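Novice: Here are the chains, one letter per residue:
Protein chains: 2
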Amino acid sequence: MKKGLLIIFSGPSGCGKGTVLKEILQDDSFYLSVSATTRPPRPTDIDGVDYRFLSIDDFQQRIDSNAMLEYAEFCGNLYGTPADMVDKMRAEGKNVILEIEVEGALQVMKKCPDAISIFLLPPSLSELERRLRNRGTESEEVIRKRIQRAEEEIKLAYHYRYLIVNQTVDTAVEDFRAIIRAESRTYHLNQEIIGEILSC
Amino acid sequence: MKKGLLIIFSGPSGCGKGTVLKEILQDDSFYLSVSATTRPPRPTDIDGVDYRFLSIDDFQQRIDSNAMLEYAEFCGNLYGTPADMVDKMRAEGKNVILEIEVEGALQVMKKCPDAISIFLLPPSLSELERRLRNRGTESEEVIRKRIQRAEEEIKLAYHYRYLIVNQTVDTAVEDFRAIIRAESRTYHLNQEIIGEILSC
Numbered sequence: 014m015k016k017g018l019l020i021i022f023s024g025p026s027g028c029g030k031g032t033v034l035k036e037i038l039q040d041d042s043f044y045l046s047v048s049a050t051t052r053p054p055r056p057t058d059i060d061g062v063d064y065r066f067l068s069i070d071d072f073q074q075r076i077d078s079n080a081m082l083e084y085a086e087f088c089g090n091l092y093g094t095p096a097d098m099v100d101k102m103r104a105e106g107k108n109v110i111l112e113i114e115v116e117g118a119l120q121v122m123k124k125c126p127d128a129i130s131i132f133l134l135p136p137s138l139s140e141l142e143r144r145l146r147n148r149g150t151e152s153e154e155v156i157r158k159r160i161q162r163a164e165e166e167i168k169l170a171y172h173y174r175y176l177i178v179n180q181t182v183d184t185a186v187e188d189f190r191a192i193i194r195a196e197s198r199t200y201h202l203n204q205e206i207i208g209e210i211l212s213c
Numbered sequence: 014m015k016k017g018l019l020i021i022f023s024g025p026s027g028c029g030k031g032t033v034l035k036e037i038l039q040d041d042s043f044y045l046s047v048s049a050t051t052r053p054p055r056p057t058d059i060d061g062v063d064y065r066f067l068s069i070d071d072f073q074q075r076i077d078s079n080a081m082l083e084y085a086e087f088c089g090n091l092y093g094t095p096a097d098m099v100d101k102m103r104a105e106g107k108n109v110i111l112e113i114e115v116e117g118a119l120q121v122m123k124k125c126p127d128a129i130s131i132f133l134l135p136p137s138l139s140e141l142e143r144r145l146r147n148r149g150t151e152s153e154e155v156i157r158k159r160i161q162r163a164e165e166e167i168k169l170a171y172h173y174r175y176l177i178v179n180q181t182v183d184t185a186v187e188d189f190r191a192i193i194r195a196e197s198r199t200y201h202l203n204q205e206i207i208g209e210i211l212s213c
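Chains as they are written, first to last, in this note's numbering: chain A, 14 to 213; chain B, 14 to 213.
Taking lysine to any residue pairs in the SDA-like style, the calculated list, with each CA pair at most 20 Å apart, reads: (1) Lys30(B) x Arg198(A); (2) Lys168(B) x Thr199(A); (3) Lys107(A) x Arg198(A); (4) Lys158(B) x Ser212(A); (5) Lys158(B) x Leu211(A); (6) Lys30(A) x Leu211(B); (7) Lys15(B) x Thr184(A); (8) Lys30(A) x Thr199(B); (9) Lys15(B) x Gln180(A); (10) Lys35(B) x Asp63(B); (11) Lys123(B) x His172(B); (12) Lys168(B) x Glu209(A); (13) Lys30(A) x Ile206(B); (14) Lys168(B) x Ser212(A); (15) Lys168(B) x Leu202(A); (16) Lys168(B) x Cys213(A); (17) Lys124(B) x Ser48(B); (18) Lys168(A) x Glu205(B); (19) Lys168(A) x Asn203(B); (20) Lys101(B) x Asp41(B); (21) Lys16(B) x Val178(A); (22) Lys168(A) x Leu202(B); (23) Lys35(A) x Arg148(A); (24) Lys30(A) x Arg198(B); (25) Lys107(A) x Ser42(A); (26) Lys158(A) x Cys213(B); (27) Lys168(A) x Arg198(B); (28) Lys124(B) x Leu169(B); (29) Lys16(A) x Arg174(B); (30) Lys30(A) x Ile207(B).
The hints are simulated quantities; they were obtained by calculation from the structure and are not laboratory data.
All values reported here derive from a predicted model rather than from experimental measurement.
This is chain A alone, in the form it adopts within the complex (with noise of 0.2 Å):
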């Protein structure tokens, strides 16, 4: 079984990750990694749909024995990836997506170096205001201040090593899985085939 890649998967607020995701997760050779956090859950959440419901303690002793890929805390509450579900379905063969923030995933290209970074952009920071108004569920205050903190966030996507610009999702998805096919023909994850081929 080949190892499934790691991606990497940011960019702000409004500029249509989960759209993409949801065409990107029809083929079951991905899967999204659930985050994990201290916050107690909602009437609503569901235990490992929704994020893992870990205890105070044991993410505290996944962070010391470096068994969190990257972490942070917000509003008191800390929020991570563990590494102990994205090792098992990568050693399955999957995919593993990471959809997290610009802080998070500097700390996973750092402890991984092999994961494939993607940072999706909107078209303009304009179109990216029309979608947050759209939503029609934000109050102004709210989507001047996403609008300010995407500015923040696109200015660190020098980062990543892939951009996709979101024109359609339908290009979108297609830059995507061209990035996940080109990458699973690096020369670096098929040196096996190199002696396969010689020996038949």
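Mind docking chain B on chain A? Use the hints.
Specialist: The following block gives chain B in isolation, referenced to the frame of chain A:
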């Protein structure tokens, strides 16, 4: 106009490079580089199509002025890739393909670190032998030499970024296209879009 990519494409004789390229070149965003040589043209040779026929002085001057991306001597004649046409086509936005042997490829990788290198592999050595035999044009001795040479070349495939196994023409062509699409999305080729997105 976005500068085109430089693609190094190698693989042993008989592995199907020509068939893959025929498909790829249907798309006129690609341009197949024509090698230069000091060998005298044969009656059926068309200058600029089969080869660019250069005088020994011209070829040597290009070597001395670092205007050959790679070159080698073979049976007393010089063969190589002049940089001028490659630069011109890339400036016009074409993805330029160099179909060259490993020795030349190593020279280009050194001179052009941005070159994308792809090595095409036969499914197996015995399949390669079968394909060479099926051509029916070569003597037993020539076939044996080609197989031996293929073996040596395949052992050098670790110099390349990508390996494509030519199981079928379709999958090989799709692999090639995916690699080009993915490489076109790398950050360093798209830095300018960050500024564009932030400014509108």
